[in-house]
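K.L.:
If you read the sequences in order, they're chains F, C and V.
Under my numbering, the first residue of the first sequence is numbered 967, with each subsequent residue one higher.
Under my numbering, the first residue of the second sequence is numbered 967, with each subsequent residue one higher.
Under my numbering, the first residue of the third sequence is numbered 967, with each subsequent residue one higher.
Accuracy of the hints is not assured; some may be wrong.
Just so you know, same-sequence chains aren't split out, so a pair can sit in one copy or run between any two.
Result set (BS3-like, lysine-lysine): computed pairs, CA atoms no more than 27 Å apart in a straight line [to be verified]:
1. Lys-1263 - Lys-1029
2. Lys-1402 - Lys-1413
3. Lys-1263 - Lys-1038
4. Lys-1164 - Lys-1073
5. Lys-1132 - Lys-1389
6. Lys-1402 - Lys-1132
7. Lys-1029 - Lys-1240
8. Lys-1413 - Lys-1389
9. Lys-1320 - Lys-1402
10. Lys-1132 - Lys-1398
11. Lys-1132 - Lys-1413
12. Lys-1029 - Lys-1082
Please keep in mind that the hints were generated in silico from the structure rather than gathered at the bench.
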Amino acid sequence: MRRSFVIRSIGIALVVAGSIAWARQDSVSGKPIVSEETQACLECHKVTTPGIVEDWLRSRHSKVTPSVALQKPVLERRISNNAVPKGLLPIVVGCFECHGQNAANHKDNFEHFGHKINVVVSPDDCKTCHSDEARQFSDSKKAHALGNLRDNAVYHTLVGTIGGMKVVEGANFERRTASENTKHETCYACHGTSIEVKGTKTVATSIGDIEVPDLLHWPNQGVGRVNPDGSRGACTACHPRHSFSIEIARKPATCSQCHLEPDLPAWDVYKESKHGNIVMSTEHEQNWESVPWKVGKDFRAPSCATCHNSLIATPDGELVVQRSHDFGSRLWVRIFGLVYSHPQPMSGNTSIIKNADGLQLPVTFTGRQASGYLIDDDEQARRQTEMRTVCQTCHSTNWSNGHFAKLATTIAEADSMVLAATKLMLEIWNRKLADKTNPFDETIEQKWIKQWLFYANSVRYGSAMAGPDYASFKNGWWDLTRNLEEMRDYLGKNAGKKK
Amino acid sequence: MRRSFVIRSIGIALVVAGSIAWARQDSVSGKPIVSEETQACLECHKVTTPGIVEDWLRSRHSKVTPSVALQKPVLERRISNNAVPKGLLPIVVGCFECHGQNAANHKDNFEHFGHKINVVVSPDDCKTCHSDEARQFSDSKKAHALGNLRDNAVYHTLVGTIGGMKVVEGANFERRTASENTKHETCYACHGTSIEVKGTKTVATSIGDIEVPDLLHWPNQGVGRVNPDGSRGACTACHPRHSFSIEIARKPATCSQCHLEPDLPAWDVYKESKHGNIVMSTEHEQNWESVPWKVGKDFRAPSCATCHNSLIATPDGELVVQRSHDFGSRLWVRIFGLVYSHPQPMSGNTSIIKNADGLQLPVTFTGRQASGYLIDDDEQARRQTEMRTVCQTCHSTNWSNGHFAKLATTIAEADSMVLAATKLMLEIWNRKLADKTNPFDETIEQKWIKQWLFYANSVRYGSAMAGPDYASFKNGWWDLTRNLEEMRDYLGKNAGKKK
Amino acid sequence: MRRSFVIRSIGIALVVAGSIAWARQDSVSGKPIVSEETQACLECHKVTTPGIVEDWLRSRHSKVTPSVALQKPVLERRISNNAVPKGLLPIVVGCFECHGQNAANHKDNFEHFGHKINVVVSPDDCKTCHSDEARQFSDSKKAHALGNLRDNAVYHTLVGTIGGMKVVEGANFERRTASENTKHETCYACHGTSIEVKGTKTVATSIGDIEVPDLLHWPNQGVGRVNPDGSRGACTACHPRHSFSIEIARKPATCSQCHLEPDLPAWDVYKESKHGNIVMSTEHEQNWESVPWKVGKDFRAPSCATCHNSLIATPDGELVVQRSHDFGSRLWVRIFGLVYSHPQPMSGNTSIIKNADGLQLPVTFTGRQASGYLIDDDEQARRQTEMRTVCQTCHSTNWSNGHFAKLATTIAEADSMVLAATKLMLEIWNRKLADKTNPFDETIEQKWIKQWLFYANSVRYGSAMAGPDYASFKNGWWDLTRNLEEMRDYLGKNAGKKK
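Bound conformation, chain F alone (with noise of 0.2 Å):
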């Protein structure tokens, strides 16, 4: 076992081994390309977390200084600032660059053998390079996606609901509601949690006692986290550490992580697509790195990323759609229906969403849309634009017109079978067969909430990317109509029997 620390000349190992790789990218500078506080960081994690230290050896980071990536031709920038901080320019993105950016906005700023590190980076500090990125993406649905659940009066009941213990003793049955840690391993896994710091706190390494801060809910990595310097969202849901590679983030298994049936089923249609077919089949052969990504040159089939948020470019290298990190940027529809299906909103901050019962629902239980939160027809229209011109640099205008044309009817009908659900709960309640007070506590309610959170969702996306299964008997049509069937049987008209 490797249980004793010593410090070893490990530093000047680094320095050897870390000079062939690294030289290449700055000839120009001939200063040293690698800071010596990144320096000091490595030298004690190369023996604490060598794990690390080796995925970032192998990322771009530690190979190219922002003055050579600001260097390139503007479609193969990775880089979207044309300044950073003088002081970064000839230096490769080093542990220090990161964990130690804006450390006076960080309240999980500590002192660390010397040096004052951040333990949470977050979209603020990579926005130091990567700003449209970050402003994107702050802007987006995904780096609200905390709040947009927690403040959500709706959806919070419904998450308190689900992940509530239950407690039986003798005749007694007691729903109470979800435990911070039960969101923190559901819910929030995904959203993100709210890192809030409390003070600090001692811990047993391996090198001995260290203090650091006594963070609550952490780890996390949700999309949404709210970081201790005040931002929100984590980079590394998608650009996982230390590698923080754009070959990871455009592969499918990433988004696969949360995207997910029964509610979410995005990942699970386009396995069964064959746009999921192909890239399955060929993944090996693919370019996953190259930027400009240029249709059947780099890819023969889109991933995730393709067709939601890449740049995108012809074989040549010319531009078809820019670049966004606001994944819903080219999406007009919002197909996870809430209860319905609507307009995508207008602002990534659901929570301000009022509509016409009072919900914070972008739709009524009947199905009446929030118009002046949701985006309004032209920008329907032009998303739709956008999204089609990556659909053509493949198929034909008359193609993609019968796919959306299908994928309206499509949701249409969804909606349809959600509203003749809502239709038989509202009588249910009326009838005081359940209690509308909590409307997703009792079985009949739950059976509710799979018409449209499950089944009307799987059938949308089964539609929008083309995996029939989910829109017949893996938690599509089948299920619609015996769900809605059971919940008529539940509601005893004619039970059992034809009306």
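Given chain F, work out where chains C and V should sit, using these hints.
P.N.:
Just chains C and V now, kept in the frame of chain F:
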């Protein structure tokens, strides 16, 4: 954005670039090897749909002329014809060679910038070079997949019921039949649509308005698609456009698009089998392109295609089994129960079957086979021997005997569990607890459907391909038992307590 | 078709071909390195089962002699013995070296073309070279997987009930116990069968009739298989024949064959975790063969084997943790609930456990642990420290502390949700609403099973490996809650309306 379209001198660039890739193949003829028509297609489509042009450039079609293909030793040939039309011999298989074939038969043919183009390429077009494949396929259940569903009164009732809109209005609950759109998005997405030509229409494209055929039920690439030239099937269901690669067709991800749980868990079981485990762990080392496909050398464990239809050779290139594009040709029993397992049907067209109860099903509800339409014992034995030949390239006779014996017993037991459910269902119908008029539209009937369509199928597939979770807890015996007990409770005999 | 078998001079071809592959390895000895016996095997099996011969040719066994293997530095050794029988030293590990070992102990040994061959190679044979692995494995729960299920009265009732045929005859509903065939196809497929030798039989093969042992419950490669030599286990469950590769065993697809939802969602959770995301996105770049396995260098994120049993080293090759083939040896708590989570059992043989209620379960139905059979706090702490050592090759102490704290809370909450369901179940039994004689055969009892076997397990696995969907909507808290509410409705207290 790439908005405007300029006819630049891309033709020249293409010829130059192309000559590098193509000249390798046909130094014999000295003639231009891309037809003039195809060159015209490429000039525009390189700009309007560059993705598919690049895909084609990567394909064998773009690199090998039929004359070269015909010279290969017979086991290495990827073209089954002994002769092809003379005009096609010296040119590569480009856009026009496929989209211009048999124009007179194509109701979807249209005048397109001076050429007569078919929108939909069909098996009848592919058979210009691949006649054995087209013939085998055309006689198979796959080619008849649409008719087998649509023209079978029982199945079509199921399709219409499951996908049908339900409308709740006050106390009224109305069940409608599935819309054409929903059938297209669900069952027909895999089974295929019938593409009809309604006339022509104008579409606005990036190069201006163009006139194209107005196709009903398009786009679709279902395996049993009925094409505007009257032929059945879509080769692109498995050999996706425009690489038409054998590699993709041989990979399990291709089959996984349609052969999925809960009804057809072939892919799901495979993925959890030892075969799937080995293939997925060593996918990158295998040779997915080689013809003939050499056991042990090219692949270490079988994919779907290996067992079901590929031409397999020994490591030394000696024939083991012939290729077939009738994917049922090595199968003796049909483990997809309707409602029971049964010997494979004699004809790919199963809608002609009529059982003793007058239903278009291979077995009656109580288990009597429509033997006149099903292959006999000799043919079953012959097919099992052929499949066994594949198994025995790795497994001993004793091993494969043992495997088939287990399978036979499991099939019989699963059928018995369907019979038990059917007997309960018949009793329920007899007692008027449900209305048999439509045997699929009530909740108790839907439990019965699950017994044979989901659970018994899972158990049989789990046995056939040795993925035991699908025989156990995942739609397997657990659910066969649980679901049957629920049906029993429904019947009200001793519900909720022991007999 | 390859039907006839001709003894051609393939032996010569083999030696010639073989010498290219094999001679590299043993230039020292100068002696023939494939044994005469193995050469005889290969002469026929190259023709009769070429796939496995090719697989072996690709293996280390075919290329490295034990004498060479023993000379490696200790951390690089793939062979744990310090010595092997002299006769084996200079020859590669071929057919006969494995299938001819310990013939006297093998009831499945038979005369086969002049040689005494065992059909089934067992851990007792493998331990000729791999004794540490065999010993660790033999003491583990995996090696006891069959007995732990079959010899535990509670589990065996579950197995027999779930897989048992049900027969409906008129008003009669008969529940039978599972057939041997069904147990083999379901639970025992993973847990292993007991292979018994019934005598001999004649099988018709492509080379004529041959006499072979008549084996009961064969084929099977379940991890706890009882072999004809009396040993327990099947190394091939994870190192599949005949490459026996470390690469395949280290890949998650191998574990995925058995550790699957709904009961054991280890693979499913992993696939949706950040670890799984990174591994699957970068699988092709990782070195899956290297021994020792160097964190960061050989792999960027862990597979199942990394955390659970592999020998892990730093990037510089310094030992981090030792290898173990007792796959529970780094685990302190058993999150697979029976019916609650509990400290890992002291012995791999869990059928010896007897709890306070006299059941062979580690915990009573109301939550009292059978502590005498379970590891104590010190051993739990020791194991958690070992696991933490792996985590901390990448993660900070603080991070892993936080992760383990969350897990502990989640385990406790999931157990509480099982207790709530069990209290309802006990009340149901007390009121004679169900019959406890067989606690698994009624629909309400099956809801109770789902609570602990599916849903509570999912929540714990989802937490342990950070795949939150399995803690949420996919068999997680959603189902823990919904299922409990359904049990409550069943109990009839205020069914259908609020208390």
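K.L.:
Given identical chains, is Lys-1132 near Lys-1413, meaning Cα to Cα at most 27 Å, within a copy, between copies, both, or neither?
P.N.:
So Lys-1132 and Lys-1413 pass the 27 Å test inside a copy (19 Å) and across (16 Å) alike.
K.L.:
When no copy is specified for Lys-1263 and Lys-1029, does a C-alpha distance of 27 Å or less occur within a copy, between copies, both, or neither?
P.N.:
both (26 Å within a copy, 17 Å between copies)
K.L.:
Between copies, within a copy, both or neither: which fits Lys-1413 and Lys-1389 at Cα up to 27 Å?
P.N.:
both (13 Å within a copy, 24 Å between copies)
K.L.:
Since the copies are identical, ignore which copy is meant and state whether Lys-1132 and Lys-1398 lie within 27 Å (CA to CA) inside a copy, between copies, both or neither.
P.N.:
Both: 23 Å inside a copy, 24 Å across copies.
K.L.:
Using 27 Å as the alpha-carbon threshold, which applies to Lys-1029 and Lys-1240: within, between, both, or neither?
P.N.:
between (37 Å within a copy, 24 Å between copies)
K.L.:
First find the shortest C-alpha distance between Lys-1029 and Lys-1082 inside one copy, then the shortest across copies, and answer within, between, both or neither for a cut-off of 27 Å.
P.N.:
within (24 Å within a copy, 54 Å between copies)
K.L.:
Between the shortest in-copy and the shortest cross-copy C-alpha distance, which are at most 27 Å for Lys-1263 and Lys-1038: within, between, both, or neither?
P.N.:
Within. Shortest intra-copy distance 20 Å satisfies the 27 Å Cα cut-off; inter-copy 29 Å does not.
K.L.:
With identical chains treated as interchangeable, where does the CA-CA distance between Lys-1164 and Lys-1073 reach 27 Å or less: within a copy, between copies, both, or neither?
P.N.:
within (10 Å within a copy, 67 Å between copies)
K.L.:
Under a CA distance limit of 27 Å, which applies to Lys-1132 and Lys-1389: within one copy, between copies, both, or neither?
P.N.:
Classified as between; 11 Å across copies, 29 Å inside a copy.
K.L.:
At most 27 Å between CA atoms: does that hold for Lys-1402 and Lys-1132 within a copy, between copies, both, or neither?
P.N.:
both (19 Å within a copy, 24 Å between copies)
K.L.:
With identical chains, the pair Lys-1320 and Lys-1402 could be close in the same copy or across copies; at 27 Å between alpha carbons, which is it: within, between, both, or neither?
P.N.:
Answer is within; shortest intra-copy Cα gap is 19 Å, inter-copy 47 Å.
K.L.:
I want to check one pair: Lys-1402 and Lys-1413. Are their C-alpha atoms no more than 27 Å apart within a copy, between two copies, both, or neither?
P.N.:
both (14 Å within a copy, 26 Å between copies)
Going through the hint list in order, the structure satisfies each hint without exception.
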